[in-house]
Amino acid sequence: MGSARTGPGRDEQASPRLAELLEQYECGPIRFTGTADALYERHLMFDNVVASAAVGPRERYEAAARSVRDVLSQRWLRTERTYDRRKAKRVYYLSMEFLLGRSLADNILNLRLDPIVQEAIRDHRAEWQALVEEEPDAGLGNGGLGRLAACFLDSMATMQLPAMGYGLRYEYGIFRQVIEDGWQRAKPDNWLRRPDPWEVARPHEAVDVRLGCSFEVRGGTLGVVMDRPSTLQGIPYDRPVVGYGGKNINTLRLWGAAAPDAFDFAAFSAGELVSALAGRLSAESLTRVLYPDDSTSMGQGLRFVQEYFLVACSLADLVRRFRRGNGDWRSLPDQVAIQLNDTHPAMAVPELMRILLDEAGLGWEEAWDLTRRTLAYTNHTLLPEALEKWPLRWFERLLPRQLEIILEIDRRLATEVRARFPGDEGRVLRTGLIETDGDRRIRMAHLAIVGSHSTNGVAAIHSELLRKVTVRDLAELYPERFGNKTNGVTPRRWLLLANPALAGSITAAIGDRWITDLAELERLAPLAEDTGFRDAVHEARRRAKASFADWLKATSGVVVDPASIFDSQVKRIHEYKRQLLNGLRIVILYGRLRENPDLEMAPRTFFFAGKAAPAYEPAKLVIKFLNNLAGTIDGDPCVRGRLKLVFLPEYNVSLAERLIPASDVSNQISTAGYEASGTSNMKFMMNGAITIGTRDGATIEMAAAAGDENFFLFGLTAQQVADSRSWYSPWWHYAHEPETRAALDLIFSDHFSRYEPGAFLPLRHALLEAGDRYMHLADLSAYLDADRRLLEAHADRDRWARMAVANIAHSGRFSSDRTIAEYASEIWQASPCPVP
Numbered sequence: 001m002g003s004a005r006t007g008p009g010r011d012e013q014a015s016p017r018l019a020e021l022l023e024q025y026e027c028g029p030i031r032f033t034g035t036a037d038a039l040y041e042r043h044l045m046f047d048n049v050v051a052s053a054a055v056g057p058r059e060r061y062e063a064a065a066r067s068v069r070d071v072l073s074q075r076w077l078r079t080e081r082t083y084d085r086r087k088a089k090r091v092y093y094l095s096m097e098f099l100l101g102r103s104l105a106d107n108i109l110n111l112r113l114d115p116i117v118q119e120a121i122r123d124h125r126a127e128w129q130a131l132v133e134e135e136p137d138a139g140l141g142n143g144g145l146g147r148l149a150a151c152f153l154d155s156m157a158t159m160q161l162p163a164m165g166y167g168l169r170y171e172y173g174i175f176r177q178v179i180e181d182g183w184q185r186a187k188p189d190n191w192l193r194r195p196d197p198w199e200v201a202r203p204h205e206a207v208d209v210r211l212g213c214s215f216e217v218r219g220g221t222l223g224v225v226m227d228r229p230s231t232l233q234g235i236p237y238d239r240p241v242v243g244y245g246g247k248n249i250n251t252l253r254l255w256g257a258a259a260p261d262a263f264d265f266a267a268f269s270a271g272e273l274v275s276a277l278a279g280r281l282s283a284e285s286l287t288r289v290l291y292p293d294d295s296t297s298m299g300q301g302l303r304f305v306q307e308y309f310l311v312a313c314s315l316a317d318l319v320r321r322f323r324r325g326n327g328d329w330r331s332l333p334d335q336v337a338i339q340l341n342d343t344h345p346a347m348a349v350p351e352l353m354r355i356l357l358d359e360a361g362l363g364w365e366e367a368w369d370l371t372r373r374t375l376a377y378t379n380h381t382l383l384p385e386a387l388e389k390w391p392l393r394w395f396e397r398l399l400p401r402q403l404e405i406i407l408e409i410d411r412r413l414a415t416e417v418r419a420r421f422p423g424d425e426g427r428v429l430r431t432g433l434i435e436t437d438g439d440r441r442i443r444m445a446h447l448a449i450v451g452s453h454s455t456n457g458v459a460a461i462h463s464e465l466l467r468k469v470t471v472r473d474l475a476e477l478y479p480e481r482f483g484n485k486t487n488g489v490t491p492r493r494w495l496l497l498a499n500p501a502l503a504g505s506i507t508a509a510i511g512d513r514w515i516t517d518l519a520e521l522e523r524l525a526p527l528a529e530d531t532g533f534r535d536a537v538h539e540a541r542r543r544a545k546a547s548f549a550d551w552l553k554a555t556s557g558v559v560v561d562p563a564s565i566f567d568s569q570v571k572r573i574h575e576y577k578r579q580l581l582n583g584l585r586i587v588i589l590y591g592r593l594r595e596n597p598d599l600e601m602a603p604r605t606f607f608f609a610g611k612a613a614p615a616y617e618p619a620k621l622v623i624k625f626l627n628n629l630a631g632t633i634d635g636d637p638c639v640r641g642r643l644k645l646v647f648l649p650e651y652n653v654s655l656a657e658r659l660i661p662a663s664d665v666s667n668q669i670s671t672a673g674y675e676a677s678g679t680s681n682m683k684f685m686m687n688g689a690i691t692i693g694t695r696d697g698a699t700i701e702m703a704a705a706a707g708d709e710n711f712f713l714f715g716l717t718a719q720q721v722a723d724s725r726s727w728y729s730p731w732w733h734y735a736h737e738p739e740t741r742a743a744l745d746l747i748f749s750d751h752f753s754r755y756e757p758g759a760f761l762p763l764r765h766a767l768l769e770a771g772d773r774y775m776h777l778a779d780l781s782a783y784l785d786a787d788r789r790l791l792e793a794h795a796d797r798d799r800w801a802r803m804a805v806a807n808i809a810h811s812g813r814f815s816s817d818r819t820i821a822e823y824a825s826e827i828w829q830a831s832p833c834p835v836p
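Numbering-wise (this note's numbering), the sequence shown opens with residue 1 and increments by one.
Honestly, the hints are just simulated from the structure, not real lab data. Just so it is clear, the structure is predicted and the values come from calculations on it, not from any experiment. Any given hint could be a false lead.
Keeping only pairs whose Cα atoms sit at most 25 Å apart, straight-line, the calculated DSS-like set for lysine-lysine is [unchecked claim]:
1. Lys553 - Lys187
2. Lys247 - Lys87
3. Lys485 - Lys468
4. Lys187 - Lys620
5. Lys389 - Lys468
Hey, can you work out the whole structure from these sequences and the hints?
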């Protein structure tokens, strides 16, 4: 398979291992004669109809991907037939994001075809790697929300749960990030410009979506035309989700928008070619881009319609599937569980009510009971600005029937609150679905909570703050609905695939059951005292660092020292995630070396990666500052070879798969009480990196599992952050901490912006004059102290190795398999449905 072409003279009898696998995946009737190469060669010839000499790497990738899809296709069909035949309760996971990464290597691994591929590419590894690189990361997500959804899909398939993901088929990802003069520049991410060999279009299963508006392209931008009703079609595109071992293959169904009448023949006949295609272009533009720029009302309106389109298509589809085998609407919650991944799909509440009231003809009480028992909601943020609130007038003009239902839900909710808390009109206003201050808006988080039977946070501290602070009144009204489901990540992609050297050492030590039961890693804990295993972990890290350094040099020309400490912070750029705090740490270390060139300090390479939202100017300025800091350090002979900073553009899953196994240190330094959970923290832990971080999100639980002695925790707690709000002054730190003052003065003296004077004055405003909302200066000294302790530990090779082993051994709780098992038993009441 892959680029391992053996020529026409090779014996094409199938190997016993391949024959066994093809039989397992029920490919026999197709008569796949020959080796893995034969599948590949067949697609290479028949899909492209070109001579072998003219075939390029992209064609080779597509042939390899379609060969793998051949192997899984019949199993995929059988999975769906089994769920239907057994009338299994289905789980439907609605998410605006699925950050999948590349699929070829992951599907090969989950199908356990990797031994065959390794044999086939034995003498062609470089060519195979080039072929794999031809696959773009699927542009279906932005950050942790989408990557979590992808991990959950992997776990649901591996655990044989009858589940389907629903999302949108964005033609363009959020954007492709390039760095020019230190600034982030957003370029189009047209990841679907070439055919995607994994997707299967199902136009015969299209659904109609009726809207109270239509669309038109104005000056190259998609605009919403009010008061002109229209109908869109949702075209489903299915992608296989392969569970480990290939036993169950679930589906991710992505909806693309289309116009029912894609071509206006009358306009064309009149010579108006553009007008003839306008309807099609406008409709397809709805799902063209992930996260349209929401700094304008037009962008916000497009996002609003995208969210409804996802909900309307998905509910119509799942109801159709439910009705295919069941005529009794009362059994809906027994056959269907719908999980809302954040507030984006919260319109499912009024949409499901509309279906039950208007299409099923049920009464309000029965429809409301069925709706709440079917829907469940996951909250992912405590930030008020991230809790969606849509203008009521948009519902009024675009979705009038859904607004009628929302208003009735709100009326009944107010009655319920008054009955439970007589005389507390303030509580009625706080719990209501409609925000009445200024422009009336629908509180989508409130709608999701009221209209579902379960609301969960994604880490223990996050769930507690959600109940006690963010939606306290609703939690007091419905205490039984609130719970916690700490996030997790799939060990298949993030350890077995991303770090084969470490995975091999683990398997050699305890066997391979850990791949599907990560709790098995606990058996590694005693091996922290085993010199041989510590050496194996160290060697795996050395190999990953060398590989990353080679890749970085080959792809960007940037040279880093694999012998230096690799210290990483990779995640979406946001003020609360405090990449700026990390930058201040580096400025102080830089200042120490300039002041004392003979200072003893281990060589260090600091890696940053992440995207800032296009309209988020403070975050984009942080990227600029980090790049300027990197350039200044590189140009200063006093620190060259001792400190290096690298900002890696276009952070995605594929980059993370390379960097995380190579990292010695993981920075998880958000302002306490702001990070819901985090998932990069878990990936680093699973790969043996040591965390330096605040007591926030799931990092608290990670440290509890591995022991505080194996983490470097620092800074204010969430309670201390909240308690100090009224009196905190960053000026105190500037006045009383010499290194803090020196670092800030150096930045604001234009030392890092010599040719752009004043470029970083907005940082001065944010850190000092505007009160330092995210408390960078409050935690800086503690961060530096934790950094000192980290360097002391790293100097002791055995101590560092013991800490790494402890982190790996206690990362089992942070498998997405554990998270999904809790969802299935405690929220969905869904059981595995093995495919024979």
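Cross-check of the supplied hints:
Restraint check for Lys553 and Lys187: satisfied, since their Cα atoms lie roughly 23 Å apart, inside the 25 Å limit. With a C-alpha separation of about 18 Å, the suggested pairing of Lys247 with Lys87 holds against the 25 Å cut-off. At roughly 17 Å between alpha-carbon atoms, Lys485 and Lys468 fall within 25 Å of each other, so this suggested pair holds. Restraint check: the Cα-Cα separation between Lys187 and Lys620 comes to about 15 Å, which is no more than 25 Å; the hinted pair holds.
Using a Cα cut-off of 25 Å, the hinted pair Lys389 and Lys468 holds, with the two alpha carbons roughly 21 Å apart.
Of the numbered hints stated above, none is contradicted by the structure.
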